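2 protein chains.
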Amino acid sequence: MAENALRERRRRQTEREIGDAALDLFERHGIDGTTVDDIARAAGISARTFFRYFPTKERAALVPHVELDERAEAMLDALDGARPLLPQLEALWRDVLADFDNGRSESGRLLLRVRRLMQLEPTLRLASISVDEERGGALVVRLRELLGSDDDLEARVIVETAGVAVRVALDRWVVARDLGTPVDLVETYVETCRLLRAVTTE
Amino acid sequence: MAENALRERRRRQTEREIGDAALDLFERHGIDGTTVDDIARAAGISARTFFRYFPTKERAALVPHVELDERAEAMLDALDGARPLLPQLEALWRDVLADFDNGRSESGRLLLRVRRLMQLEPTLRLASISVDEERGGALVVRLRELLGSDDDLEARVIVETAGVAVRVALDRWVVARDLGTPVDLVETYVETCRLLRAVTTE
DNA sequence: TGACAGTGTGGCAGTCACTGCCAACATGGC
DNA sequence: GCCATGTTGGCAGTGACTGCCACACTGTCA
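Chains as they are written, first to last, in the working numbering: chain H, 1 to 202; chain U, 1 to 202.
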């Protein structure tokens with residue numbers, strides 16, 4: 001039983017190491033310019049083992065991104081089906097993003113690097129969308145329960161809408177930073193949510 | 001000059017033939033169960049030539065999906081920057097979807113088949129998102145001009161929001177149909193847009 | 001009619017992502 | 001010490017995708 005936790009910890013550890021190696025190599029040589037063998041070598045494992053940790057090489061660089069989703073998921077219990085769900089989801093995401101603290105924490109720095117890389121590498125962006133889709137599916141199921149509705153429609157609209165705001169805000173965050181005019185992540189996110197409202201009501 | 005148009009027509013023709021073959025094989029054997037060689041053989045070309053028409057095998061099945069995007073793009077000139085853009089985009093998409101006529105036209109039937117296949121094949125769905133991202137980029141640029149703003153923020157929010165409604169409505173359309181309780185595509189889309197509004201204002 | 005340039009096509013060889021299989025090894029419980 | 005279980009690496013294989021070259025087709029111009 002205790003070993004289970006130990007093993008889990010170890011697994012997470014190597015996962016991180018592989019992820020770090022991947023991110024580093026991708027930044028230096030591009031995704032096309034680095035092979036799985038390269039990543040494996042840098043992480044001190046075999047290529048075969050690499051694929052026991054990640055299904056594709058892009059996924060390896062997305063460890064910080066997955067962490068973002070996981071943190072949001074962990075807060076799902078707080079949702080209250082009796083009140084409007086989108087504002088609650090937005091507040092939830094706001095808290096999660098605040099946690100990454102403009103890239104000042106370790107997780108924040110990693111997230112920043114991944115999202116920056118996405119601006120240059122469409123396949124990485126696509127991979128992240130793929131992750132979001134998988135995780136979003138579970139979210140939709142959860143919201144559907146809370147809504148007590150018999151179809152996906154409303155739940156999906158809510159989840160995808162919230163997702164749009166997060167993605168747009170993250171992109172703006174890294175782009176502004178690279179342009180030398182950094183913006184606050186949480187502020188930008190809140191602003192994006194406001195904009196979303198303005199745009200749908202005007 | 002005239003041959004240019006002829007060539008274009010010919011290219012479109014083989015494109016369609018390859019696309020038809022791909023869709024057919026995917027439906028029967030799944031995407032993983034079909035190789036590019038299979039598709040090429042069925043379309044009467046070589047594998048090498050296949051890749052001169054499509055960058056991946058998934059893309060071959062997405063010909064109807066691309067047509068959808070193209071029809072929408074062709075109507076972009078009608079947008080008026082002085083009035084709210086999201087409603088205009090929604091009206092535009094409504095017209096385009098109406099054109100596919102619940103799968104009664106040839107294009108409509110093809111679109112229906114592709115979108116149905118997407119429910120089963122995540123990689124196909126992902127490929128379609130990839131297409132939408134590329135095309136959406138151009139749309140964002142266009143909207144940004146119309147808005148006269150100096151950043152992407154609002155344009156992206158509008159484009160992605162509109163995209164959410166289209167995708168959700170299309171999914172609902174094919175799922176309802178497969179469940180034996182078909183719904184009208186345009187009605188569903190309008191309903192989805194309404195829902196999106198309700199969700200963001202409540 | 002015959003040389004020509006431009007374009008489309010197929011075949012070949014090569015790289016690389018990803019998988020199934022098997023053998024070696026470590027770990028913890030008995 | 002022995003056994004069960006989980007982890008790892010090597011190996012061989014499949015299949016997507018690319019660069020290169022040779023060949024064929026088409027229309028042009030002398």
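Honestly, the hints are just simulated from the structure, not real lab data.
Where hints are given, some of them may not hold.
What the hints assert, rightly or not - With the Cβ distance kept under 7 Å, some of the chain H side facing chain U (calculated, not the full set):
| # | residue |
| --- | --- |
| 1 | Ala82 |
| 2 | Glu90 |
| 3 | Ile129 |
| 4 | Val131 |
| 5 | Val157 |
| 6 | Ile158 |
| 7 | Arg194 |
| 8 | Leu196 |
Values in this document were obtained by computation on a predicted structure and should not be read as measured data.
Glycine residues also receive a C-beta, built at the ideal position from the N, C-alpha and C atoms.
Here is how each hint holds up against the structure:
Violation of the interface hint for Ala82/H is found here, the shortest Cβ-Cβ separation to chain U being roughly 12 Å, above the 7 Å cut-off. Checking Glu90/H against chain U: minimum C-beta separation of about 10 Å lies over 7 Å; hint violated. Look at Ile129/H: its Cβ gets to within about 6 Å of chain U, closer than 7 Å, so that hint holds up. Given the 7 Å rule on beta carbons, the hint for Val131/H is violated: about 11 Å separates it from the nearest Cβ of chain U.
At its closest, the beta carbon of Val157/H sits 5 Å from a beta carbon of chain U; the interface hint therefore holds under the 7 Å criterion. A cut of 7 Å between beta carbons decides the hint on Ile158/H: the least distance to chain U is about 6 Å, and the hint holds. Here the hint on Arg194/H is broken, as its CB sits about 10 Å from the closest CB of chain U, past 7 Å. A least Cβ separation of about 5 Å between Leu196/H and chain U falls short of the 7 Å threshold, and the interface hint therefore holds.
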